[in-house]
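Participant: Residue numbers (the working numbering), protein chains in the order written: chain A, 1 to 273; chain B, 1001 to 1367.
Source of the hints: derived by calculation from the structure; they are not laboratory data. Misleading hints may appear alongside valid ones.
Residues from chain A that face chain B, not an exhaustive set, calculated with beta carbons under 10 angstroms [unchecked claim]: (1) G164; (2) S168; (3) D170; (4) L180; (5) L185; (6) E190; (7) R266; (8) T268; (9) M269; (10) E271.
Now the stretches of chain B that chain A is said to cover, found in silico as 3 or more residues with beta-carbon under 8 angstroms [to be verified]: (11) 1074–1082; (12) 1234–1245.
The model shown is predicted, which means the values in this text are computed figures rather than measured ones. Just so you know, even glycine gets a beta-carbon here, dropped at the ideal spot from N, CA and C.
Here are the chains, one letter per residue:
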Amino acid sequence: MRNKLLAILLVLPALVMIVLFFIVPLIASILGAFEVGDAWGLGNFRKSFELYSSDMIFTVVIVTVSTALIGLFSVAIGGYLTLGENPRAVAILRWLYRWPMFIPFIVVGQILRTFLAKNGLMNNILVSLGLLTPLQTVGFLDWRGIVIAFVWKQTPFVTLLVAGAMASLDRSTIEAARNLGASRLRILIEIVVPQIAGTLLVGLILSFVTMMSVLSVPLMINAQSPTMLTADIAFRINAHGDYGVANALGMISLILTTGVALIYLRQTMKERS
Amino acid sequence: MDDQAFLRVAGMSVGYGSTTVLDNLDLDIAKGEFVALLGSSGCGKTTLLRTIAGFAKPFSGSIEVAGRDVTQLPPDKRGMALVFQSYALWPHMTVSQNIGYGLKLQKRPRETIDSRVDEMQELLGLSGLGNRKPAQLSGGQRQRVALGRALAIDPEILLLDEPLSNLDARIRLTVRHEIRSLQKRLGITAVHVTHDREEAMVMADRIVIMNAGRIEQQGPPEEVYNKPASPFVAAFMGAENLLSMQARVQGDQIELAEGEFNQTSVTARSGRPLATGPVELRFRAEAARLARNHDTAMQGVGHLELRGQIVSVSYPGGHWRHAVRLGDREILVDADAPFNQGETVKVRIPAESLFIFNTSTNTAKPS
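Put together the whole structure using the sequences plus the hints.
Facilitator: Set out below in structure tokens:
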């Protein structure tokens, strides 16, 4: 009896934290999504879809495209780190690729804003090199800017996971393929990636969820319409004090990420069994 | 060039960074021959195999296959297939996909691949397992899939890197014979790396014993077993009993001087390159005979007779093993019947089982 009491006492602080700071706010905002004036209803959702359905598609497309590109780049970098035959190039790449991980999203937005703008650093360089005339320059501060920012920031994180998994593969499975005449690209696609697919999937899902929740990048790079749901949520609250629609938009984001979270759970269950 | 040599390694030095593992090594292997590279871990046998396969680049020297220099060729252009110690099966592919992958890389037509994969599965007793993943197979089956994957591309030379070391002792015995008979049937040239003496003896036409990056001795199993060329080979081939004596070489005779536990004994030189001076004698536990102290039966010509005391008796199976104390040394001697502990006995070693080496000529320490 005393032991049981002690156990509950030990768990209590954590439990209180979770209930107080996670469950209660979550339930409050879910309930808030259904609150229209003094009554319950779907009004907030109707309004969300009327005003922001293009932003929802925009968000899903941007995050999906970014996730795909992150997957591609992380496999390419991890693959070169694993299969590269020039030790110096491998060492340099290994040293370089992690840096963006330590830069906050807001700073990434800031950096890319000055770099990608119509008269930003990138175009200035291209113009001074004579590759473009000032009239031909195009700014990238739209959906492309967001994708570039996301990919730039998240690729190192996924690469870190992927390269680690690749490094712990049985090297002889790679050598066996080489022994039979497989090129490095084939080894990467047919031998290495299938063996680390689980890790890659987990990395991409975590990235997907992270990108769904980033506010600073869309605000810094692309504040016009269409924009991402996070910017809309901030706008509803800051400009209109409209918590109802903000909560409804939040729930829609949550449903989108729940889909990929389920894949994540299935994957981790499979790994444990 | 020698017509006999199908695979020729000439003057090869290999290493990693600044350490040299193999120094100026020569090895010729005939077509259809099964050669075992035998040695303790770290002797360079796996490095030699990996260099032949093309996974390690030699500092100098050359590798030729049928007169063609393959030293600079990538692993897949050498007509060789390597079976890895860990099998290195691809866990995400089925048995059939594993076996057929090499043919797929060669862009063979689908039907050719299927029939070849079926043929390999038939040959290796894997029929009906084609759709399984490696994780669903036993160790022996995995080993056969690895063998099938290597053989499917019809290599001229099969390289085996300790392919049996991950198997249970009992399965290992049967797989030995399976691999050997398969190799004979296919007439394929095989190079097998192992640290297991018995495995090498049973499987190989020729045993190449390596020590510290050099070839200590090579020859048919019975030759390296019965005529070891160095103390290292003698010890590695099981002659663990070691005695030190003074020898005097006179023409075709060797006179072993009287010591605290033996009388002067004269034995035939039999072409041994020995010089007068301190020698070390090696012999196997099963080669020596035990006799009671009062046994005065005539001993054979050239036998060495020692006198010692039984320290302990054990029964490892088939015969009794005795530890016999000779002065400050102990030797092991087998006998069909047990002797009593503490009993004074005579140990008789026939001349042909006695391996004698000059102490100073070779300082290599057997492991």
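Participant: Next, verify each hint and record whether it holds.
Facilitator: Hints, verified against the model:
{"no.": "1", "hint": "G164", "in the structure": "violated (18 angstroms)"}
{"no.": "2", "hint": "S168", "in the structure": "violated (13 angstroms)"}
{"no.": "3", "hint": "D170", "in the structure": "holds (6 angstroms)"}
{"no.": "4", "hint": "L180", "in the structure": "holds (4 angstroms)"}
{"no.": "5", "hint": "L185", "in the structure": "violated (12 angstroms)"}
{"no.": "6", "hint": "E190", "in the structure": "holds (8 angstroms)"}
{"no.": "7", "hint": "R266", "in the structure": "violated (18 angstroms)"}
{"no.": "8", "hint": "T268", "in the structure": "violated (19 angstroms)"}
{"no.": "9", "hint": "M269", "in the structure": "violated (18 angstroms)"}
{"no.": "10", "hint": "E271", "in the structure": "violated (13 angstroms)"}
{"no.": "11", "hint": "1074–1082", "in the structure": "holds (count 7)"}
{"no.": "12", "hint": "1234–1245", "in the structure": "violated (count 0)"}
Consistency with the previously given hints fails for numbers 1, 2, 5, 7, 8, 9, 10, 12, ordered from lowest to highest.
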